[in-house]
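With chain A's structure known, arrange chain B on it following the hints.
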Amino acid sequence: MSVALPAPDISRAITRIAHEILERNLGSETVTLLGIPTRGAHLALRIADAIELIAGKPVECGTLDITMHRDDLRLRAPRALAPTRIPPSGIENRNVVLIDDVLFSGRTIRAALDALGEVGRPRTVQLAVLVDRGHRQLPIKADYVGKNLPTSPQQIIKVHLSETDGVDEVLLEEASK
Amino acid sequence: MMRHLLSISDLTKSDALSILNTAETLARASDGPMKKLPTLRGRTIVNLFAEDSTRTRISFEAAAKRLSADVINFSAKGSSLSKGESLKDTAQTLQAMGADAVIIRHNASGAAHTLAKGQWMSGSVINAGDGTHEHPSQALLDAFTIRKHCARGNEDLSGLRIAIVGDILHSRVARSNVALLTMLGAQVVLVAPPTLLPIGVASWPAEVSYDFDSVIGEVDAVIMLRIQIERMTEMYLPNAREYSRFFGLDKDRLSTMRTNAIVMHPGPMNRGLEISAESADSARSVIVEQVKNGVSVRMAILYLLLAGTQELEI
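The listed protein sequences correspond, in order, to chains A and B.
Heads up: the first sequence begins at 37 in our numbering, then just goes up one per residue.
Heads up: the second sequence begins at 1258 in our numbering, then just goes up one per residue.
Isolated chain A (complex conformation) (with noise of 0.2 Å):
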C-alpha cells in the first residue's frame, strides 16, 4: 500500500480544479456543480468553497444521486440510496460540472448522465475527478483532473476525505491476493 496523493496535493488539486472551471466557463455564474454521493459530494462543496474563494463570490452546488440508474443493480446487493440535491435554480441551460472522486470504467458517469436526463437539459456537461486511473469501458473523458494515476486494473484505489474517513489521502494498493 502507498501514498499516492498526500493531503497537500489534494488540496492544491482541488485549488487548481477551481481555477480551469472558473477559465473554461468565463466566470462561476454558468457553472452548477453536482457531486455524486459520497465523495463526489464533498468534493464538490470544497470545490464550490475554493471557487467562492477566488471568484469572491458563491457558486450553485448540489448533489446527484445516480444509485437508480447504475447498469449493475443486478449484479450487487441493493445500496442504500444518497439524497440529490439540485440547486433551487435548476439545472436547465446551465454550465453543469459532474463531481466524482475516481474515474475508473466510465459507469458511474454513463448513470450520472442518464440521471442528469430526468433532471433537465443543460448547455454543457463538464465532468471533474480526483484521480484518474483510466481502464475506461465506455467513450467518457474527464475535463478536470486532480491526478493521472496509471494503475493495473487489478489494483485498488482508495480516496480518503477528513469528511468521511477523518484524514486527506489517495492509497494504492495492491490486489489482495
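What the hints contain is simulated information worked out from the structure, not anything from laboratory work.
Treat the hints with care, since some could be wrong.
Claimed, not checked - Between beta-carbon pairs, the in silico distance windows are:
hint: 1; chain 1: A; residue 1: 113; chain 2: B; residue 2: 1406; range: 49 to 59 Å
hint: 2; chain 1: A; residue 1: 126; chain 2: B; residue 2: 1410; range: 26 to 36 Å
hint: 3; chain 1: A; residue 1: 153; chain 2: B; residue 2: 1315; range: 25 to 35 Å
Backbone N, C-alpha and C define an ideal beta-carbon position, used for all residues, glycine too.
Chain B in isolation, oriented as in the chain A frame:
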C-alpha cells in the same frame, strides 16, 4: 435483505430502518424533478388481488411504475380464481409468464406464505394482506408516517406511545403494527371492547385497555381501525351507536389529544362510526398523507427486494 416480504417477523430492525430510510430518500426524489426511475426496467410485477382493495393495489402499482417495472393487474373477479383455480395453478401460470414478483392480497391467512414456500415460482412474494394475519407494507408506511411526525430525534420510534383502536380481532394491520412499532422501540396500547380482542392478546408485546378516554391524552399517535360493518351481524357489538360512543374518535376526544399527536387510519374509513368527519379532516389527521407515504415505502420495498442480487447483505 430477504427475498420475500411475508410478515414483519421476516425483518430485522436494521432491515426495517433501511426500508424507512430508503423510502425517505425516494419521497424527496419524487417531490423533485426525478419522478420516474429506470431501476426495475424490464421486470414484471404481478398484482394478484383475490380480495378487494383500492389503496394498496394502486399504491403498489404506482410504486412499481415509478421504478419502470411492467405491472400486470390480476383480480379475483373476472379471472379463473373466481372459477375455483387453486393458488398453485395460478402461481405456475404466473411463473410461466415470467413474473419477477407477485404482490398478493388474499382472504386466507397464510396465502402469501403458501405461495412463497410452495416452490411453484422463483420470483419474490410480497404480502399485501392475508386474511386476519399480516399486512406488512401498511405497518411500514404507518411507521414511516409516525417517524416523520413524532420521532424525538431518533432514527427509530423509541420513547413514543401509540394507540391502536378498534377491531383488533380481525385486523391484520394491527398485528403487523404491533410487531413493527414495538421492534422500533415504541410502546403500543390496544384499545377495543373485549369482544374485539383476540384470544392470547395478553402474550402480545402491547398493553390492552378498554377505556379509550384514559388512553387518548397520553399517546403520540392514534391508529383508528375500520369497523367491518359486514361483521356487525356476528354479535361482537351491541350496536354501532354504542361502539361509536365508547371507541369512536369524535371531536371531544380529539380535543384531549397531546399538542403534536396525530390521527391515522389505514382506510377505508366509516365516517361517523369509528371516526367522525371532524376528526378525519382535522389538522391532526395525516390520513391522506399516509396514502402518499405508502407509495414511497412500497417503492423502497420493491427496490430492496428486486433491484440487487440476493447473495449479499446490504
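Verification of the supplied hints:
Restraint check, residue 113/A to residue 1406/B: a C-beta distance of roughly 31 Å breaks the suggested window 49 to 59 Å. One distance hint, 26 to 36 Å for the beta-carbon pair residue 126/A and residue 1410/B, holds here, with the actual separation near 32 Å. Between residue 153/A and residue 1315/B the Cβ separation comes to about 28 Å, which falls inside the hinted range of 25 to 35 Å.
This entry does not satisfy hint 1, going by the numbered hints stated previously; all others are met.
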